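Asks: Here are the chains, one letter per residue:
There are 2 protein chains.
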Amino acid sequence: MIVEILQPDAVNKAFQKKISELYKQLNANIQQLPIKNILQDNENLIFAICQEDDKLVGMAMMATYQVISGYKGIIEDVVVDENYRRKGIGRKLMERLLSEGKKGQLTEILLFSGHHRLPAINLYKSLGFVLKDSGLYTLKLA
Amino acid sequence: MIVEILQPDAVNKAFQKKISELYKQLNANIQQLPIKNILQDNENLIFAICQEDDKLVGMAMMATYQVISGYKGIIEDVVVDENYRRKGIGRKLMERLLSEGKKGQLTEILLFSGHHRLPAINLYKSLGFVLKDSGLYTLKLA
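Chains W and S supply the protein sequences, listed in that same order.
Residue 0 is where the first sequence starts when you use numbering that gives the first Met the number 0, and the numbers rise one by one after that.
Residue 0 is where the second sequence starts when you use numbering that gives the first Met the number 0, and the numbers rise one by one after that.
In short, the hints are calculated from the structure, not lab data.
Be a bit skeptical, because a hint or two may be false.
Since the list gives no way to pick out one identical chain from another, each pair is judged satisfied if it fits inside one copy or across any two copies.
Claimed, not checked - Cut-off 27 Å, straight-line C-alpha distance, at most; resulting in silico cross-link-like pairs (DSS-like, lysine-lysine):
hint: 1; residue 1: K101; residue 2: K35
hint: 2; residue 1: K101; residue 2: K86
hint: 3; residue 1: K23; residue 2: K35
hint: 4; residue 1: K91; residue 2: K139
hint: 5; residue 1: K101; residue 2: K139
hint: 6; residue 1: K54; residue 2: K86
hint: 7; residue 1: K139; residue 2: K102
hint: 8; residue 1: K124; residue 2: K12
hint: 9; residue 1: K35; residue 2: K102
hint: 10; residue 1: K54; residue 2: K131
Being a predicted model, the structure only gives us computed values, none of them experimental.
This is chain W alone, in the form it adopts within the complex:
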């Protein structure tokens, strides 16, 4: 099992398809942005993947941004193939993102998770994340 950072030139059509299929396990209804587009000329996205043999079994990504209150990362779109869960893949992906965040001198990493996703929440807590006393609000534009 190999965890690595996805490079834009590694994304061919077949790989895009693998990512797209895996992502559907997280959310089958969402309009996905194509990986090539979001990685191209984008130094603000760290895209971690996990492969076993030739199969994509997990991914997680962190977008970085700067505001007055800090240089932050927000982790989104964390998904592990349902046939490969409970093997520590999510943890390995998260650890890789955290290590990239430390290397990049982020001051804070944020993420949000549905209250019902207990295994994910336990993983995040075990990595040092704490629940903020804040509500998360969203406005959909598309």
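The hints should help you fit chain S onto chain W, whose structure is shown.
Replies: For chain S alone, kept in the frame of chain W given last:
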């Protein structure tokens, strides 16, 4: 009262000081990143300010990022001078950010707010934001 988008070359030492002072009303303990640094060569930050005569009375900023699930904006560091509240300045700043977000074809805008900040939350709700059924988790690195 004028709401506008702050341009990097408008940030001189005096203006940096104004921003820094105003920001302290939101959080006096946080290590602030200098505006010049976060705006420079950064197409992913939209920094709205409100001035009355020569006084900076409010600001709000939105960082944009792309992940598989969308092209998103996250609004942070919204603050209105305590002597200028209840005048609609927060709303004007937010409306400007939302309008920039629509122009930039964001698919979603996120923000978080302490559960106790009722006037802010009411403002966000009145602009169409809805509370997500998710917890927000944070890991401080510095």
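Asks: So, for every hint listed, does it hold in this structure?
Replies: Against the structure, the hints come out as follows:
1. K101 / K35: This pair counts as both: shortest intra-copy Cα distance 25 Å, inter-copy 23 Å.
2. K101 / K86: within (25 Å within a copy, 41 Å between copies)
3. K23 / K35: within (17 Å within a copy, 40 Å between copies)
4. K91 / K139: between (31 Å within a copy, 19 Å between copies)
5. K101 / K139: between (31 Å within a copy, 10 Å between copies)
6. K54 / K86: within (15 Å within a copy, 57 Å between copies)
7. K139 / K102: Between. Shortest inter-copy distance 14 Å satisfies the 27 Å Cα cut-off; intra-copy 33 Å does not.
8. K124 / K12: Close neither inside one copy (36 Å) nor across copies (41 Å); limit 27 Å.
9. K35 / K102: Both, since 24 Å and 23 Å are each at most 27 Å.
10. K54 / K131: Answer is neither; intra-copy 36 Å and inter-copy 33 Å both fail.
The structure fails hints 8, 10 (numbered hints given earlier, in ascending order).
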